[in-house]
Amino acid sequence: MAMTRTISLAIDSRPECIELLSHALRGLCGLTALPAADIAKVELAMVEAVNNAVEHAYRGEPGHSVVVELLLAPDRLGLAVRDRGEPMDPRKLTGVGEIAKPDRADPKSWHPRGRGLAIIKSCMDSVEYQVRDGVNVLTMSRTLDREGPGPG
Amino acid sequence: MVLTHRNIDGIDIVALAGRLVMADVPQVRQRLLAVVEQGHGKLILDLAEVGFMDSSGLSVLVSVFKAARLKNGDVVLLHLNPTVRSLVELTRLHQVFSIFDDETMALARLR
Numbered sequence: 001m002a003m004t005r006t007i008s009l010a011i012d013s014r015p016e017c018i019e020l021l022s023h024a025l026r027g028l029c030g031l032t033a034l035p036a037a038d039i040a041k042v043e044l045a046m047v048e049a050v051n052n053a054v055e056h057a058y059r060g061e062p063g064h065s066v067v068v069e070l071l072l073a074p075d076r077l078g079l080a081v082r083d084r085g086e087p088m089d090p091r092k093l094t095g096v097g098e099i100a101k102p103d104r105a106d107p108k109s110w111h112p113r114g115r116g117l118a119i120i121k122s123c124m125d126s127v128e129y130q131v132r133d134g135v136n137v138l139t140m141s142r143t144l145d146r147e148g149p150g151p152g
Numbered sequence: 153m154v155l156t157h158r159n160i161d162g163i164d165i166v167a168l169a170g171r172l173v174m175a176d177v178p179q180v181r182q183r184l185l186a187v188v189e190q191g192h193g194k195l196i197l198d199l200a201e202v203g204f205m206d207s208s209g210l211s212v213l214v215s216v217f218k219a220a221r222l223k224n225g226d227v228v229l230l231h232l233n234p235t236v237r238s239l240v241e242l243t244r245l246h247q248v249f250s251i252f253d254d255e256t257m258a259l260a261r262l263r
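Chains S and E supply the protein sequences, listed in that same order. Numbering of the first sequence is given in our numbering, commencing with residue 1 and proceeding in unit increments. Numbering of the second sequence is given in our numbering, commencing with residue 153 and proceeding in unit increments.
Next comes chain S alone, as it looks inside the complex (with noise of 0.2 Å):
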């Protein structure tokens, strides 16, 4: 019978330590049908995520918890990223749009920082902002298809 499973994961906000969620992220992949170039797609959602919250909640000090929850649903992959840092503006969320077209002869228009939650959301299906008691939480989600779960 499909169920649904998930697996909670914490991090010291180091920016050594986010790849070990990278790795736990693509073990899980592996239970699904999600082709590479999909997979690659989610961890770099992830990782832009948890790359916000060491950054901008915590302001990069070490010291502090950051938690991916991983959710594996017949029909979705879930992450949900929870800090105890400064919260974000959820307006940042909700205004970004598709990434400008840079102008070569303009390098104010070049850089790629700031892209993370447009990233983000080119990567994934639905992303929402919440702050809730005190922890701030990027959920996002990217719909598997129905067809089951690939090689374990």
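What the hints contain is simulated information worked out from the structure, not anything from laboratory work. Remember, predicted model here, so these are calculated numbers, not experimental data. From the three backbone atoms N, C-alpha and C, an ideal C-beta is built for every residue, glycine too. Don't take every hint at face value.
As the list claims (entries may be wrong) - Straight-line Cα separation of at most 27 Å, DSSO-like style, residue types lysine-lysine; simulated pairs:
| hint | chain 1 | residue 1 | chain 2 | residue 2 |
| --- | --- | --- | --- | --- |
| 1 | S | 101 | E | 218 |
| 2 | S | 108 | S | 121 |
| 3 | E | 223 | S | 101 |
| 4 | S | 108 | E | 223 |
| 5 | S | 108 | E | 218 |
| 6 | S | 121 | S | 101 |
To be verified - To spell it out: a stretch of chain E is covered by chain S in this simulated footprint if at least three of its residues, at any positions, have a beta carbon under 8 Å from a beta carbon of chain S; those stretches are:
| hint | stretch |
| --- | --- |
| 7 | 194-207 |
| 8 | 212-219 |
| 9 | 244-251 |
Starting from the known structure of chain S, fit chain E onto it as the hints suggest.
Just chain E, lined up with the frame of chain S:
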């Protein structure tokens, strides 16, 4: 991340291997900017062995490109895998960087 550097006819070629992500940014940026500073500002970044990059890593490439342009030089990207190419295109930086799959052609571009 491992960087290997060689020079052909005044053109610097740096091959990066590993993941280019936030944890690697300070070290990689420092080393690449040093290459630009010490050279002619003509740089090929061979990303064949870069399995994953995030926007932090991409910002390093942009920083290096800006530094090279200040020397009237250029930076081109070589051997992007589909994952890295997808990020470059998603951020539309393929309209800024010249991208090659062949080193000979990348060298010709910078000569």
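- Message: Check whether the Cα positions of residue 121(S) and residue 101(S) lie no farther apart than 27 Å.
- Response: Between residue 121(S) and residue 101(S) the Cα gap is close to 17 Å, so the pair holds against 27 Å.
- Item | Given hint residue 218(E) paired with residue 108(S) - CA-CA distance at most 27 Å | Holds, at about 10 Å.
- Task: For the pair supplied as a hint, residue 108(S) and residue 121(S), confirm whether the alpha-carbon distance does not exceed 27 Å.
- Result: Measuring from Cα to Cα gives roughly 23 Å; hence the hint holds.
- Outcome, coverage of the stretch 244-251 of chain E by chain S - at least 3 residues whose beta-carbon is closer than 8 Å to one in that chain: With 4 residues in contact (Cβ-Cβ under 8 Å with chain S), the coverage given for the stretch 244-251 of chain E holds.
- Query: Does the alpha-carbon distance linking residue 108(S) and residue 223(E) stay inside the 27 Å limit?
  - Reply: 17 Å, holds
- Under a C-beta cut-off of less than 8 Å, do 3 or more residues of the stretch 212-219 of chain E approach chain S closely enough to confirm the stated coverage? Holds: 3 residues of the stretch 212-219 of chain E have a Cβ under 8 Å from chain S.
- Item | Claimed coverage, the stretch 194-207 of chain E by chain S - three or more beta carbons nearer than 8 Å | Since 3 is at least three, the answer is holds.
- Has the given pair, residue 223(E) with residue 101(S), been kept, meaning a C-alpha gap of at most 27 Å? 25 Å, holds
- Item | 27 Å Cα cutoff - pair residue 101(S), residue 218(E) | Cα-Cα ~17 Å, so holds.
Hint violations for this structure: none, all hints satisfied.
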